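So the protein lines, in turn, are chains Y and E.
When we follow full-length UniProt numbering, the leftmost residue of the first sequence carries the number 1, and every step to the right adds one.
When we follow full-length UniProt numbering, the leftmost residue of the second sequence carries the number 1, and every step to the right adds one.
Note that these hints are calculated values from the structure, not bench results.
Fair warning: this is a prediction, and the values are worked out from it, not measured in the lab.
Where is the CB? At the ideal position from N, CA and C, for every residue including glycine.
Do not take every clue at face value.
Said to hold, decoys possible - If you want the ones that stay clear, here's a sample from chain Y, every Cβ over 10 Å from chain E, calculated:
(1) ALA12
(2) ALA131
(3) THR150
(4) TYR154
(5) LEU191
Stated by the list, open to error - Which stretches of chain E does chain Y cover? Using the computed rule of at least three CB atoms under 8 Å from a CB of chain Y, they are:
(6) 58-64
(7) 116-129
(8) 163-177
Protein chains: 2
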Amino acid sequence: MASPEIEALTQALSRLPGLGPRSARRAVLHLLKKRETALDPLLLALARVSERLNTCSICGNVDTTDPCSICADPRRDARSLCVVEEVADLWALDRSRLFPGRFHVLGGRLSALEGVRPEDLAIDSLVRRVADGGIDEVVLAMNATLEGQTTAHYVAERIETYPVRVTQLAHGLPVGGELDYLDEGTLAQALRARRPVA
Amino acid sequence: MASPEIEALTQALSRLPGLGPRSARRAVLHLLKKRETALDPLLLALARVSERLNTCSICGNVDTTDPCSICADPRRDARSLCVVEEVADLWALDRSRLFPGRFHVLGGRLSALEGVRPEDLAIDSLVRRVADGGIDEVVLAMNATLEGQTTAHYVAERIETYPVRVTQLAHGLPVGGELDYLDEGTLAQALRARRPVA
């Protein structure tokens with residue numbers, strides 16, 4: 001149909017999460033029709049990011065600076081450290097603006113099935129950050145999956161000898177969750193962690 | 001949250017049709033994490049398209065060559081010409097692989113409301129293509145909207161003096177359409193254009 005260059009662009013776009021072949025084609029058409037306002041700005045933005053992209057040597061976030069903009073932000077509370085599995089989790093938490101501290105990205109979760117061992121994750125560097133001092137609380141914000149929780153337990157054990165408070169995200173009913181539609185695991189967690197009515 | 005470069009990329013992506021701020025962020029994360037397999041190929045594909053992008057001087061299609069790959073394709077039947085409003089329509093028809101001929105993109109539709117007059121559309125160039133000869137049939141494939149149909153009538157009038165067969169897409173029930181859910185306009189069209197059962 002279209003030239004190989006346009007086909008290649010459609011393919012590259014359709015590999016993005018959330019874009020299928022159909023929406024990629026629509027996006028390409030939009031780019032072709034709005035060269036000045038869509039194609040060229042996107043090209044420039046991509047080129048700039050590609051030029052400067054790197055992984056933060058402190059926390060493992062991806063950013064265009066090192067240290068990343070979170071680690072470099074003096075308004076961030078350096079005494080609170082939130083440990084997450086992936087960069088996506090860091091972004092999700094940061095977007096919520098609820099956590100004022102800094103982060104540590106493990107780069108995955110322990111998994112016997114996928115052969116992910118502690119040395120494959122950024123756990124040693126986390127222990128070093130905690131050992132270096134200046135941190136009061138480590139919040140374990142792993143996914144509420146079996147592997148996430150196994151990872152959380154392992155990380156907690158590795159840092160239990162240091163004088164930091166280790167906490168983890170609460171498990172229970174999601175906001176708007178209807179009992180009727182929730183899985184048994186969530187219900188069991190919510191029941192087990194029930195609290196007195198204030 | 002992220003650096004200005006990453007924010008700019010997220011914004012550029014979120015302006016694509018089909019991507020909101022949330023999915024743009026997911027897409028950016030994907031690009032950042034898969035630099036070699038996602039970010040750089042997309043950058044390259046965009047750069048190549050941006051370099052060569054142009055509008056076909058014959059039919060108005062956007063492509064990286066001029067004439068576009070459809071006009072330049074010798075396997076295409078040059079005697080059939082399909083007139084569409086927008087490049088998106090050309091692509092949709094071409095994707096269906098049902099039309100073996102060539103195209104002509106008007107670049108819009110007549111609209112008193114939006115102040116779009118015949119001279120704002122590529123109608124003169126269509127008349128010239130028809131006047132030049134070698135065309136047997138002109139298929140008017142405008143949208144089944146009031147403005148699309150007004151445009152189709154106008155175009156039909158402009159080329160009626162030439163020895164070409166002028167046809168238009170059939171209107172009626174869409175495949176899978178249930179009477180119960182169809183609008184009255186479609187039902188009226190389908191009834192008016194009813195055909196003997198073969």
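Checklist entry - Among all the numbered hints in the text so far, which are the ones the structure does not match? => result 1, 7 and 8
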